[in-house]
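Asker: Here's the letter readout for the chains.
Protein chains: 2
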Amino acid sequence: MNTFTDIPGVFAGSCNCGIKQKAVGAEKAPDDLAFIYVPNACASAGVFTQNTFRAPCVDISAKHFKAQTIKAIVINSGNANAATGAQGIAAVEETADIASKKLGLKAEEVAIASTGIIGVQLPMDCIASGLNTLLATPETKNGLATAHAIRTTDSCEKQAFYRATIDGEEIIVAGIAKGAGMIAPNMATMLGFITTNISCSNEQLQRSLRRAVDTTFNMISVDSDTSTNDMVLALATGEKEVSPSSLEDGGPFARLLEDCCRDLALQIVRDGEGAERIFEVSVSGARNEEDARIFAKSIIDSPLVKTAVHGADPNWGRIAMALGKTSGTKLDPNRTTISFEGILVFENGLPCEHKREDVSLAMKKDHIVIDVTLGIGDGNARAWGCDLTKKYIDINTEYS
Amino acid sequence: MNTFTDIPGVFAGSCNCGIKQKAVGAEKAPDDLAFIYVPNACASAGVFTQNTFRAPCVDISAKHFKAQTIKAIVINSGNANAATGAQGIAAVEETADIASKKLGLKAEEVAIASTGIIGVQLPMDCIASGLNTLLATPETKNGLATAHAIRTTDSCEKQAFYRATIDGEEIIVAGIAKGAGMIAPNMATMLGFITTNISCSNEQLQRSLRRAVDTTFNMISVDSDTSTNDMVLALATGEKEVSPSSLEDGGPFARLLEDCCRDLALQIVRDGEGAERIFEVSVSGARNEEDARIFAKSIIDSPLVKTAVHGADPNWGRIAMALGKTSGTKLDPNRTTISFEGILVFENGLPCEHKREDVSLAMKKDHIVIDVTLGIGDGNARAWGCDLTKKYIDINTEYS
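Residue numbers (our numbering), protein chains in the order written: chain A, 1 to 400; chain B, 1 to 400.
Simulated from the structure, these hints should not be mistaken for laboratory data. Each hint should be verified, as a subset may be incorrect.
Said to hold, decoys possible - Selected chain A positions facing chain B (in silico; Cβ < 8 angstroms):
id, residue
1, Ile294
2, His310
3, Met321
4, Lys325
5, Ile393
6, Asn396
What the hints assert, rightly or not - Facing chain B, a subset of chain A residues (Cβ under 10 angstroms, in silico):
id, residue
7, Gly9
8, Thr84
9, Leu350
Claimed, not checked - Only pairs whose alpha carbons sit at most 25 angstroms apart, straight line, appear in this in silico DSS-like list of lysine-lysine:
id, chain 1, residue 1, chain 2, residue 2
10, A, Lys391, B, Lys22
11, A, Lys390, B, Lys390
12, B, Lys141, B, Lys101
Glycine included, C-beta positions come from ideal geometry on N, C-alpha and C.
Based on the provided sequences and hints, a complete structural model is requested.
Answerer: Structural data, given as structure tokens:
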């Protein structure tokens with residue numbers, strides 16, 4: 001299988017630096033420190049968590065993205081370095097400083113991402129000696145190992161590799177991600193790192209990434225909670241020229257980037273804590289796209305919808321409830337239609353004749369689709385959630 | 001124990017009219033039709049669900065409250081009469097018509113409440129014959145039976161009776177409620193019916209009820225979902241005169257009404273689907289009361305906080321996450337302090353020294369308190385939630 005370091009000019013590697021310990025019976029401790037390095041990066045872009053309690057690595061990386069084109073990313077897992085005060089801020093600055101010196105970059109050309117326990121200081125001796133070893137050979141191509149190293153409680157690595165011919169050039173968008181919910185003890189959620197071989201400006205890449213994240217990573221939910229450390233970053237090598245229009249909304253590069261992001265986002269939902277089934281909610285005919293997004297997210301976030309999906313129960317009453325409970329949106333129950341796996345259960349305000357057992361049977365698979373049409377305007381959105389299971393309770397309940 | 005029909009001039013009763021069937025092994029079918037009758041009501045007030053998919057009984061009752069002082073309420077359980085189209089609207093109008101004729105009232109003096117299955121037409125023959133029997137003797141005092149009759153999946157009846165001397169008069173505020181989450185198959189949530197012996201205007205009672213509901217019923221959450229049929233109604237008999245100021249915010253009647261509503265609201269949380277523990281979140285020092293309410297509700301709604309409470313886990317990282325994920329609020333992590341059961345765990349942006357086992361031990365009881373102080377302004381709010389357990393999944397998962 002292809003990995004993102006198969007793109008010329010994209011390097012990555014990982015090691016164990018001592019944050020994560022060797023598990024009982026394991027041969028060695030898992031990797032907990034990784035880097036991505038694109039020495040000739042022509043453009044970089046980043047989208048960051050909106051949580052007010054965000055970690056210093058988020059604040060500082062966001063600042064670096066504004067100041068410079070980012071050429072390297074250092075990622076550690078096992079410690080989120082969040083709620084760590086002034087010492088936490090100094091740790092991020094020191095990490096960027098060490099990495100930039102080893103790579104001959106400015107500190108502002110390095111971004112930092114952390115995921116793991118909240119409220120514990122980052123062991124800087126581990127990070128420093130780990131970076132020393134790791135960045136001694138920066139032109140490494142260990143994409144798969146890097147995908148493994150950035151995990152916390154993820155059960156598997158998450159990778160995507162997309163290729164298309166655009167304007168006569170072979171364009172690649174490939175990336176890795178981690179995330180399976182915000183887990184005990186305080187594991188932080190979602191990281192995504194995307195690389196591509198196109199040539200573009202920071203502004204172009206930022207616009208494309210923003211739009212792709214809005215319709216993919218921002219439209220998934222494991223448990224409606226938002227972490228302190230989320231970020232999705234993209235770097236471009238500058239190798240292949242494409243027309244500016246291919247990066248615009250709906251253009252072939254924008255679509256390729258969206259495909260790659262959606263693929264990674266769905267891998268996160270599929271690996272959601274305790275999840276046994278994904279459900280896709282497609283809302284059409286809303287007043288506008290914003291309304292459609294609010295409706296779709298209200299449905300995927302509802303614990304009652306999530307438990308109904310878990311039980312393969314075509315409970316349209318809960319879909320109606322989740323639509324109705326949103327505020328500031330426009331909705332007319334008498335024009336609203338709901339179907340599960342293509343089977344109409346509620347049409348223009350009234351329940352439809354259907355055999356509940358048949359619909360339930362159709363829902364007994366890994367990925368189901370719920371369609372909602374509102375008959376008001378042309379706003380559409382899709383969102384993806386996972387079912388709510390007893391295993392989620394097990395994973396998230398300490399001391400029980 | 002006192003019940004709300006102990007108030008002079010307040011009558012109520014119930015019967016089985018055929019909506020609910022006799023359970024296997026049961027002696028008789030449970031009551032499913034009830035009325036509350038205050039023939040000399042001087043004032044009435046109502047607060048209704050904001051869900052757009054709301055049932056016709058909500059729309060029509062809200063209209064009646066605007067037009068008249070309500071003197072009777074008809075309540076059925078087992079069928080929510082929601083998503084039932086024109087026939088559902090006609091059923092509510094017919095119910096009000098039958099009841100008003102039997103009681104010698106105008107149809108607009110009757111309110112209707114329904115709770116139960118969504119999407120099934122109300123059996124009007126049952127309702128009509130039930131009302132015929134029930135309203136043949138309207139001056140009945142069966143408060144407890146009425147509290148039982150309005151239940152759906154509630155495990156017990158919910159009653160409150162509050163008494164205080166105000167302006168030299170013995171004032172009573174008493175009521176009943178039902179609700180335990182929005183349950184399969186599509187059971188609708190929360191009803192509250194309050195009666196009092198004071199004399200006041202509709203406007204005075206509406207203002208007092210609105211305020212009391214905002215700080216009690218609106219500050220609880222079983223699963224963050226909002227039903228199509230929620231309503232809280234209040235009727236006053238007009239017997240006792242009190243000064244207008246006692247109804248104002250902070251006045252003795254306002255406080256008595258708030259106590260009664262909070263008592264009923266907490267009974268609903270305690271009976272939450274699968275709940276084993278209540279947690280009270282007290283937020284102080286927010287920019288304003290609105291911010292404080294948003295923060296408190298974000299914490300009680302978070303599945304990660306709810307599972308942590310279930311496991312008696314003092315997981316302050318999840319409290320911080322729930323505070324930070326709200327939008328439009330003001331927050332400074334460096335002035336934020338969090339404690340569980342009076343034990344500081346996070347102070348002014350940094351974790352505090354504490355023995356996790358001690359805090360966990362302190363959390364192992366039925367009702368725990370989480371305090372959050374924000375150090376920004378003087379906005380305070382309290383909210384109450386219940387833990388998220390495997391039993392919630394069991395109750396809400398069909399066909400599994």
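Asker: None of the hints should be skipped; say for each whether it holds.
Answerer: Evaluated hints:
1. Ile294: Violated. Min distance 12 angstroms.
2. His310: holds, 5 angstroms
3. Met321: Interface hint status for A:Met321: holds (6 angstroms vs cutoff 8 angstroms).
4. Lys325: holds, 4 angstroms
5. Ile393: holds, 5 angstroms
6. Asn396: holds, 4 angstroms
7. Gly9: Nearest chain B Cβ about 37 angstroms off; hint violated.
8. Thr84: holds, 8 angstroms
9. Leu350: holds, 5 angstroms
10. A:Lys391 / B:Lys22: The hint is violated at about 36 angstroms.
11. A:Lys390 / B:Lys390: The hint holds at about 5 angstroms.
12. B:Lys141 / B:Lys101: Distance of about 21 angstroms is within 25 angstroms: holds.
Violated hints, in rising order: 1, 7 and 10; the structure is consistent with all others.
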